[in-house]
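Line by line, the protein sequences give chains A and B. According to the working numbering, the first sequence holds residues 1 to 477 in order. According to the working numbering, the second sequence holds residues 1 to 338 in order.
All the pointers check out, no bait thrown in.
Below 25 Å or equal to it, Euclidean Cα-Cα: the simulated DSS-like pairs (lysine-lysine) are: (1) B/Lys260 x B/Lys320; (2) A/Lys300 x B/Lys74; (3) A/Lys422 x A/Lys330; (4) B/Lys10 x B/Lys334; (5) A/Lys134 x A/Lys105; (6) A/Lys300 x B/Lys15.
In short, the hints are calculated from the structure, not lab data.
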Amino acid sequence: MTDVIKFFTRRQGKKKASLTDWISYGFLFLGFLIIFLPVLWLVMNSIKSQFLLQKYDTNFLPMDYERVARATTYGPDGKDILIIKDLEPWVMFWKNLDDEERAEKDVVNYIKNFTGNEYYALRSHFGLVSVFAKDLIVNQNLPEWLIKYPSMFPSAKKDYDPQSIVDNLNTEDARLLSEYLGLKPYKANGFTAQILVSMPDPETGELVEYSVSRINPTKDTVNARLVTNPKGGITKLPQNEIIINKSLKPSWINYTDPLTKKALGSFDAVRCLNNSVFVTIVATIITLLINSMAAFALSKYRFNGQIVFFVIILATLMVPASVLIVGIFKMVTMTGLSGSLWGVIIPGAATPTGVFMLRQYMLTIPDELLEAARMDAASEWTIYWRIIFPLALPAIAVLGILSIIWRWNDLILPMIAVSTTKAAYTIQLCLLDFNGEYLAREHYALAMTVVSLIPTTLVFVFLQKYITTGIASTGMK
Amino acid sequence: MANLKLIDIKKSYGKTEVIHGLDLEVLDGEFCVLVGPSGCGKSTLLRMIAGLEAITEGSILINDEKVNDISAAKRGLAMVFQSYALYPHMTVRQNLAFGLENLKLDKDDIEKRITKAANQLRMEDYLKRRPGQLSGGQRQRVAIGRAIVREPSIYLFDEPLSNLDAELRVATRVELKALHARLGNTMIYVTHDQVEAMTMADKIVVMHDGIIEQTGSPLDLYNKPANLFVAGFIGSPKMNFLDSSSLPEDIKKHAPKGAKTFGVRPEHLNIQDQNALPLEVRTVEQLGSDSYLYGATIDNQEISIKLNSQTSIKGGESIKVGFDDSNTHWFNEKGVSL
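Turn these sequences into a full structure, and let the hints guide you.
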């Protein structure tokens, strides 16, 4: 710690900080912010709730709003707008849940807690209207064409007269059936989640609650509805006077759900992480072994075609990776590695960059060491494993770091090799999978992105020391 | 214990022949020094003996067994490299043990040998250090120690002292000589420094341009150089060479038939009238115990003189130097000693 303080209080001269010091530290700080802020922003966003993310919340901290539901219902009395308070969060996001999760909730019993228009609004929100209406038609032996009626063409509808049937029912059943059939004055009920704000009454000073659909920080006013009288229409409230009922509420479920397999659908973050760890470790070990052996041969042996091999290896550096996609796909499929993690590991094991880097480093290892080892009766394998490999460790550590980062962040190769097998998905594929066709799950995606950053960061922190120290304090004069 | 025979050894790199047919015999227990100017092929020869370099033609015999096709590891030799070539990532102990582990010796034996070598070379204190933490002299010891633990039949040294400072070099020279006396092994030592060669060798092999100019004991080479090259190479400062035709008559009359060049060592010249050569002194170096005079004859041939005392002669003076007849060397047209 004292080292850190010493480091950050270094100055050009001995006395007071000079202009150069200020500029240097300013520049350092600016650079730090430029690099670090986006990461920090990502981390902060990863603990925001899904609601906030969907509202494009621009707060730095995960300040959660108090939420209310704004519903519209239609009935004999005309359109009604109502605000429902104190609903459970999952109710607000019913539309975003998948079938499995919906099945877990007992909505039929849940809506029994509500009455009147609140009941009707929630009933259509949960999609229960058609369920109940079909039950009604079956139970009361009503004509079967009623079931098909909502999906009929307008011309076909003319042949039937549902209104007469509805008129014979009691009010509750008539309303249900009318909503199902879309008979006037019933229209589809609306339901959205809104933000609860409050503002002191200009005259009495009492706090009055309003419901707001979104708060745009660039505008001076917000459009709000009175919670007590939502039908009273929209009033514009001055943004700087309203009190937004916010509380710091990190949404840890973004992390815990995927990691405890509670997240939606077939997604299993733990399995993805395991796959990624396996691929990264095994592929890196293979890469380091193969590349260092090739580099050893290219740097320390004289053989025919040495230069040709080296040039060919270097030439592959010029081929863009995207050109190879089809080739690799065919290779992986034909060797039966498709769908297996080995299909991700093997094609990328030999890298021209690694061979080149290690070869250049090994050229600096004096030949006399090898000769000394040969005089010491060492086999060529012993020379490689006990002399060359440890002496090339600084370069191998660099390649190791690169390989780990490449493999961990790789998306293309897993897509080529395992995209058809969910069980073999690596974390990058899984992150991609989050943004499914119908489901937006940015909150999980963001959280898992942060998780996926951790290994590479840790690796760098620990191996970086290794690079800078470098154990090749040479024994040569 | 082993002897070494080289029979008509040749070495070419592509079309360039760098060693042109060498014959050499090193006897058991001999300290043989290969000496010559840089580029004369002495290191290449040593590496061929070691087995690190293939030979193009000829044969190498160790203990009368041909070893041409035997790998370096199996020849049972040990080599001390100019740069020491210590394994930088291993401790001194590991450096010493490496070769023994490769030979699959058992642990007790390795430990015994290391202890013995460490004891002999007084390096017990730094067995746990890495080469990077040692001084030049200490590294030198480790390099020698690494050779000793192998208990080889022949030791090969490739300019092992060239990286040491002057003082340490003298000390190590003495130590190496003592080591040879103690071990009694055959040693082959390569150097470009004729002082090292003179002080350490039982037998000196003077090499030049890929051939052996002369082989013999140090004093043989000094007293009876076979040719101009050896005469000039052995001895410091080097022997004075004068064109025999330019000599004064009373010296010229001693010349054997066919003599072209006359040679006399600086230390054999005195300020005297016998066989006197007139000389103009240009520079004087006073070392306290000795003095070196550098001058030129009338026809501008350079001459150096070593006096075993301090002198009052100054640059620019004209003096006469002479010598004993027994200390003269004559060479014919081809540079061969007469």
